[in-house]
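Taking my numbering, the leading residue of the sequence shown gets 52, the next gets one more, and so forth.
The hints are simulated quantities; they were obtained by calculation from the structure and are not laboratory data.
Any given hint could turn out to be false.
[As the list claims (entries may be wrong)] No more than 27 angstroms apart at the CA atoms, straight line, and that leaves these computed lysine-lysine pairs for DSS-like:
hint, residue 1, residue 2
1, Lys128, Lys150
2, Lys150, Lys120
3, Lys128, Lys175
4, Lys120, Lys62
5, Lys113, Lys175
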Amino acid sequence: MDLSSLSMVFKLVIIGIIYIIIFTALRIMYNDMKGGGKARRSQIRTFGLEILSPGNSENLRKGAVIPVKGVLTIGRKADNMLVLDDPYASSYHARLFMKDEECILEDLESTNGTILNGERLLGKAFLASGDEISIGSVSFRFI
């Protein structure tokens, strides 16, 4: 085999490798645009509090759902994210927060306590779908 035919073989191999790289990159981009991002977004879990009984709180409506993203503080003070107009709710009563795609309810040492599924909550607890939370006369279902 002479040097010119060997040079032609190398040129063809290099062109083939370039085409394979371009084809692979286009296939990856096509799969990503076709729906790769949608699958990742649908796996993110979303949580909420369904209002079972609004109590005296005029800003709450029975059946409404309050989304839980990040941290949700609950209490009587106006700087809480969820303000309750209930004399049995403390200024800073409880908070819900996310940790490792799980939702945790924490009682903030409230005077009258936070009731989780009929029992007084001491400290923190992981929430499961369907758990009922009562703060004073206001009750929620975790969904």
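Results for each hint:
1. Lys128 to Lys150: Distance of about 25 angstroms is within 27 angstroms: holds.
2. Lys150 to Lys120: holds, 11 angstroms
3. Lys128 to Lys175: holds, 21 angstroms
4. Lys120 to Lys62: violated, 57 angstroms
5. Lys113 to Lys175: Within the cut-off at roughly 26 angstroms; holds.
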